[in-house]
Amino acid sequence: MTRLSVALARTMALVFAAVLIATLPTAAQAKREHLVGALVSEDQSAVDVNVQVGEAERLAHEASTDPEASRFEYQRAPLCNVNSAVPTTPLNGQCPPASGDAGPNDCGEDAVVDPLWKRERSTPTSVDWSPWWQVDRGGCAADLLPVLTAEEFRRLPLTAPALTMQPDRGWVLVNIETIVMTDPAEQNLRTELLGHGIDVVATPTRYRYDFGDDLDPLITTSPGHPWPDHDTFHIYMRPGTREITLTTTWKGRYRVDGSPVWRDVDGTAQTSTTSAPFEVQERRSHLVSNLCTDIPQPDDC
Amino acid sequence: MRTRQGAWVWGLACAVVLATGGCTGGKSNEGLPSVTQAPSDPGEVSVPSATPVPTAATPTPPPEMAQPGADGAAAVSQYFIELYMYAVATGDLDEWRAMSADDCKMCNKVIAEVEQLVAEQHTVTTDSLEFPSVSGTEIAPGTSFSASLRVDQGPWTELDSSGGVVDTGPAVSADMYFALLWQGDSWLVRQVDVHEATPQG
Numbered sequence: 001m002t003r004l005s006v007a008l009a010r011t012m013a014l015v016f017a018a019v020l021i022a023t024l025p026t027a028a029q030a031k032r033e034h035l036v037g038a039l040v041s042e043d044q045s046a047v048d049v050n051v052q053v054g055e056a057e058r059l060a061h062e063a064s065t066d067p068e069a070s071r072f073e074y075q076r077a078p079l080c081n082v083n084s085a086v087p088t089t090p091l092n093g094q095c096p097p098a099s100g101d102a103g104p105n106d107c108g109e110d111a112v113v114d115p116l117w118k119r120e121r122s123t124p125t126s127v128d129w130s131p132w133w134q135v136d137r138g139g140c141a142a143d144l145l146p147v148l149t150a151e152e153f154r155r156l157p158l159t160a161p162a163l164t165m166q167p168d169r170g171w172v173l174v175n176i177e178t179i180v181m182t183d184p185a186e187q188n189l190r191t192e193l194l195g196h197g198i199d200v201v202a203t204p205t206r207y208r209y210d211f212g213d214d215l216d217p218l219i220t221t222s223p224g225h226p227w228p229d230h231d232t233f234h235i236y237m238r239p240g241t242r243e244i245t246l247t248t249t250w251k252g253r254y255r256v257d258g259s260p261v262w263r264d265v266d267g268t269a270q271t272s273t274t275s276a277p278f279e280v281q282e283r284r285s286h287l288v289s290n291l292c293t294d295i296p297q298p299d300d301c
Numbered sequence: 001m002r003t004r005q006g007a008w009v010w011g012l013a014c015a016v017v018l019a020t021g022g023c024t025g026g027k028s029n030e031g032l033p034s035v036t037q038a039p040s041d042p043g044e045v046s047v048p049s050a051t052p053v054p055t056a057a058t059p060t061p062p063p064e065m066a067q068p069g070a071d072g073a074a075a076v077s078q079y080f081i082e083l084y085m086y087a088v089a090t091g092d093l094d095e096w097r098a099m100s101a102d103d104c105k106m107c108n109k110v111i112a113e114v115e116q117l118v119a120e121q122h123t124v125t126t127d128s129l130e131f132p133s134v135s136g137t138e139i140a141p142g143t144s145f146s147a148s149l150r151v152d153q154g155p156w157t158e159l160d161s162s163g164g165v166v167d168t169g170p171a172v173s174a175d176m177y178f179a180l181l182w183q184g185d186s187w188l189v190r191q192v193d194v195h196e197a198t199p200q201g
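Protein sequence lines, in the order shown, are assigned to chains A and B. At position 167 of the first sequence (counting the first as 1) the number is 167 in our numbering, and the numbers step up by one without a gap. At position 71 of the second sequence (counting the first as 1) the number is 71 in our numbering, and the numbers step up by one without a gap.
These are calculated hints, taken from the structure and not from any lab test. Just to be clear, a hint being listed does not mean it is correct.
Straight line, CA to CA, 16 Å or less: simulated EDC-like cross-link-like pairs of lysine to aspartate or glutamate [as the list claims (entries may be wrong)]:
1. B:109 with A:33
2. A:251 with A:151
3. A:251 with A:266
4. A:31 with B:167
5. A:31 with B:113
Using the sequences and the accompanying hints, generate a full structural model.
Take a look at the structure:
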């Protein structure tokens, strides 16, 4: 084999190895799931929706004065832990020996809401009640409490955080950093929804500064720090009168009276703060005859 | 002796058969959107130069879905999963979107998956889909229903636009729980919980 053919073979081997490496899956390219396997999760949204509907139906039935309503009964009770096609409850008599994997809902520190059962009879006065059948799967107490929506969260009287500038003296210089910062403190609020008292905690998550010139706004998650540790600032390029507007985005969590569980608000709110107008000035250095700190100040200062 | 070209041709043919529900044995294909292949001359085993992209027939809504009720809810749950199989095989999300509530997490997950497949010009098929148990329950008379569904899905195959196998995955069984709403003339899927199950039997 000639030196040329050896070199050619080595080159081809390298190219082949490179192609092979390029086509091998890497750790960063995680295998994608498809079909039913891609949908498996711990999510209980359908359980939550159905227990809310079931509870509303139970309460409506309880309040109903329609004689026809007395043909039915609702009751919350545990589910027997059996592997049968038709779920049953101790309301229908003693549970068979445990054979399934059904257990009470996992609610952590929250109270468990048992499944809802229903039975019926042929007339409002007859005693031929049917067996109880399952209507919903129950849930947790927090599922049955009112939800604070994003719209309601936005209606709360959030106080816009203060906008602080450095320097803060009514004018700043072009081509020099103008520092901006704000207060990242959470806000605690109290409101009422459908007769329930609610504690709300609002936390600032994002800040947007519009500097009143043609340059892009500054969007950051940092509340900023004073000089010399500042990380949120702007450099004006041209003189003029400017205002800075700070738009703060807030996320919220809330706790309804009667439940120890904090829940996140599904959405955000915004507040806005605008600074007083200030001047962006251009200053030029020049030699003076004496110290400008002299009293009286020299005319050429 | 099988040549390298012969091995490639065999693999390609198997990929086509996989896409049409073959290359695996036995299980019922009932309820699965049928996947068809471009017609070829009768009596001739052809290996197309470019494998046709599989197409699937739109699932037909069962008649039980025309009315509110426990039976209707059960039918909706099964139809919805058939629609999923149809969507990943074709990229067509029209009916899926029409039946999905805006905040339905599982529905939106499927939409994202199918949109990505469409962007890549890929499709996904499975060779079997069975529903060992389906049931519906009325929660609020005439309006709100739940449905419970056990689904046994066979292995899946992801294909590129030329019919080449991109990836495969194993069979899976899952228990699904639906929150459904009858809107007067149509069904809305509000939420679906999907938990992995041990295959039955």
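Right, here's what the structure says about each hint:
Taken as a hint, the residue 109 (chain B) and residue 33 (chain A) pair is honoured in the structure, with Cα atoms around 12 Å apart against an allowance of 16 Å. Distance hint between residue 251 (chain A) and residue 151 (chain A) is fulfilled; the C-alpha atoms sit about 12 Å from each other, no more than 16 Å. With a C-alpha separation of about 9 Å, the suggested pair residue 251 (chain A) and residue 266 (chain A) falls inside the 16 Å cut-off, and the hint holds. The suggested pairing of residue 31 (chain A) with residue 167 (chain B) holds, with an alpha-carbon distance near 9 Å, which does not exceed 16 Å.
Using a Cα cut-off of 16 Å, the hinted pair residue 31 (chain A) and residue 113 (chain B) holds, with the two alpha carbons roughly 14 Å apart.
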